[in-house]
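Engineer: So the sequence lines, in the order shown, correspond to chains A and B.
As numbered in this note's numbering, residues 18 to 372 make up the first sequence, in order.
As numbered in this note's numbering, residues 18 to 372 make up the second sequence, in order.
One thing to keep in mind: the hints can contain errors.
Which copy is meant is left open, because identical chains are indistinguishable; a pair holds if it fits in one copy or across any two.
[Said to hold, decoys possible] Listed below are the simulated DSSO-like cross-link pairs for lysine-lysine, each with C-alpha atoms no more than 27 Å apart in a straight line:
id, residue 1, residue 2
1, Lys-277, Lys-113
2, Lys-88, Lys-277
3, Lys-88, Lys-60
4, Lys-277, Lys-92
5, Lys-193, Lys-177
6, Lys-88, Lys-122
7, Lys-222, Lys-189
8, Lys-88, Lys-177
9, Lys-169, Lys-113
10, Lys-169, Lys-334
11, Lys-101, Lys-169
12, Lys-189, Lys-60
13, Lys-122, Lys-222
14, Lys-334, Lys-277
15, Lys-222, Lys-101
16, Lys-55, Lys-193
17, Lys-222, Lys-113
18, Lys-277, Lys-169
19, Lys-101, Lys-176
20, Lys-101, Lys-189
21, Lys-177, Lys-101
22, Lys-55, Lys-177
23, Lys-92, Lys-169
24, Lys-88, Lys-113
The hints are simulated quantities; they were obtained by calculation from the structure and are not laboratory data.
The residues making up each chain are set out below.
2 protein chains.
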Amino acid sequence: MLIETLLFICLKNMPNPMPQSPQSLRTMYLQDPSTWTKPWVDKGIIWEEIGALPDTAPYPDSNPYSESKFKLGEKLFNDPLLSKSGQIACASCHDKELGFGDGRKVSYGHDRQLGERNAPSVAMSAFGVEKFWDGRAQTLEEQALMPIVDPKEMAYDPKKAAQRIAQIPAYKQAFKEAFGTETITPTLMAQAIATYERGLMPRNKQFDRFLKGSTKAMNDQEIQGLHLFRTKGRCMNCHNGVAFSDQSYHNLGLSFYGRKFEDLGRYNISKDPQDVGRFKTPSLRGVGQSKPYMHNGLFPHLRGVINSYNAGMFRPKPTNEQETDPLFPTTDPLLRPLNLTEEEIRALEAFLNTL
Amino acid sequence: MLIETLLFICLKNMPNPMPQSPQSLRTMYLQDPSTWTKPWVDKGIIWEEIGALPDTAPYPDSNPYSESKFKLGEKLFNDPLLSKSGQIACASCHDKELGFGDGRKVSYGHDRQLGERNAPSVAMSAFGVEKFWDGRAQTLEEQALMPIVDPKEMAYDPKKAAQRIAQIPAYKQAFKEAFGTETITPTLMAQAIATYERGLMPRNKQFDRFLKGSTKAMNDQEIQGLHLFRTKGRCMNCHNGVAFSDQSYHNLGLSFYGRKFEDLGRYNISKDPQDVGRFKTPSLRGVGQSKPYMHNGLFPHLRGVINSYNAGMFRPKPTNEQETDPLFPTTDPLLRPLNLTEEEIRALEAFLNTL
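One chain only, chain A, in its complex shape (with noise of 0.2 Å):
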C-alpha cells in the first residue's frame, strides 16, 4: 500500500515522458492545443498556451488602426527629420532588413554615441504593454517620443520635431486624413508611429502556418524543438503565449553587478531591490532575425543562448564585501541546468527559427 502510494505520487508529479517517435509528436502537435502534453512549467507560474498570431494585431480603444495612421507612422518612422541632426531616424535602430533590430550589441545614436542597451526588435509591439528592456514606458505611444528625447539616440525635442515636419505640405496633408487636423503634435505623432509599429506583427510564419495544418510547414526536427520548448527546454516557464513571452522581468544573472558595464535594469525604474538586474522578456516571434541577443547584445548567435540556457544561465557570486548588499542580484531560480543533448539543442534552435 505504501509502495502503491508513492508510485501513485511519483508518476502524479511526474512530467509526461517525451513521446519516442517523430510521427507520434506531429499528430499531438497538429491537434488542439488543449490536448497537448501539459509544459513543464513550475509550481505558481502563471503561462499560457502558445499558439498563432491572431490574423491582426490588437489595437488599443485609446488609439484604434486605421490605414491612413499606418501610413503616416511608417513615414515618420523612417523619417531622420525627427532627429536633431536630421541624420537619424527610427529605423536606423530598428531597421526592417534587420529584425527591427539594428544587429549591433548596443546601438550607435546622436554625434555617433554608444547606448547602453541592444536594441529590441519592435515587431512584436502590438503585444504587451511596458516598453522597454526595463518597462520604463507605460505604454507604446509614451515610448515613440523617449528615443527623440534622448541626448545619446536622436537628440531632439518632439516639438521642435513636428515644427520642422509641419513646414512640409505632404505631412499636413498626412496628418489631416489620419487625424482630421493639420496641427501636428507630439501626440499625434506618437500615435501614428504605434499605429505603424503595431502593424508589424510577423506573418505567415512556419509555426503558425503548421498550427493552422500545414504539415510540412514544420520538419521532424522543429516539431522535436517544439516539443522541448515546451517539455525538458523549460522554455515556458517565461515565454508563453502567442507572443512568447510573460511581459515580467527576469534576472539572468547578466547585470554586471559592481562591474563595468554594470545594469540594474527593472531596479532603475521600480526601486525594488528584487528587481536588480531583471530584464523584460523579449518575444521569441522573429527570434532568428534579431541578432545578436540579451539585453546588452551578448551572445551572436541562437545557439550561444541554448547553451547558456542549458547550464543553467550565470549565478555571480557575491564578494566578501557584497555579502551583506541587499541589492546583491540574485539569479531566477526557474533556471537550472536542463541536460538538453547536442541533438536536442539543434533541435530548439530549429524550432525557435520557425517563429
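We have chain A already, so just place chain B on it with the hints.
Structural biologist: This is chain B only, laid out in the frame that chain A set:
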C-alpha cells in the same frame, strides 16, 4: 584500339572522382597543398591554390605599416566628423560587429539617402588592388576618400574634413606620431585609414588552423565542403588564392539590364561592352559574417547563394528589341548547373563558414 583510345581520352579528361571516405579527404587536406587533388577549373583559367593567410597583411612600399599610423587610421575610420553631418563614419557602413559591412542590402548615407550597392566587407582590404564592386579605385588610399566625397554617402569635402579635425589637439599629436607632421591633409588621412583597413585581415579562422595542423579545427562535413569547393562546386574558377578571389570581374546575370535596379557594374568604368553587368569577385574570407550577399545584397543567406550557383545562376534572355543590343550582358559561361545534392550544399555552406 578505338575503344581503348576513347577510354584513355575519357579517363584522362575526367576530373578526379571524389575520394569516398571522410578520413581519406582529411588525410589529403592535411598534407601539403601541392599534393591535393587538382581543382576542377576550366581551361584557360589562371588560378592559385587556396591556403592559409599570411601572419601579417601585405603592405605596399608606398604606405608601409606603422603602429601609430594604424591607430590613427582606426580613429579616423570611426570618426563621424569626416562626414558633412558629423553623424556618419566609415564604420557606419563597415561595422566590425556586422562583418565590416552593415548587414543591409544597400546602405543608408547622408540625409538617409539609399545607396545602390551592398557595402562590401573591408576585412580583406590588404588583398587585391582595385576597390569597389566596379573597381573604380586603383588603390585603397584612393578608395578611402571616395565615400567622404560621395553625395549619397558622407557628402563632404576631404579638405574640409582635414580642417575640421585639425582643430582637435589629439589629432595633431597623432598625425605627428604617424607622419612626423602636424599638417593634416586628405592624402595623409587616406594613408592612415588604408593602413588600418589593411590590418583588419581575419585571423585564426578554422580553415587556416586546420591547414596549419589543428586536425580538430574542421569536422568531416567541413572537409567535404572544402573538397566540393575545389571540385564539383567549381568555385575555384573564380574564388581562388589565399583571399579566395581572382580579383577579376564576372557577370552572374544580376545586372537587371534594362529594368528597375539596372547596374552595369564594371562597364561604367571600363566602357568595354564585355564588362556590362560584371562585378568584382569578392573575397570569401569571413563570408559567414557578412550577409547579405552580391553587389545588390540580393541574398540574405549563404544557402540561397549556393542554391543559385547550383542552378547555374541567372541567364536573362534578351527581349525582341534587345536582340541586337551590343550591350546586352552575357552571363559568365563558367557558371553552369552543378547537380549538388542537398547534403553537398550543406557541406559547402559549412566549409564557407570556416573561412
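Engineer: So which hints don't hold here, by number, going up?
Structural biologist: 3, 7, 10, 12, 15, 16, 22
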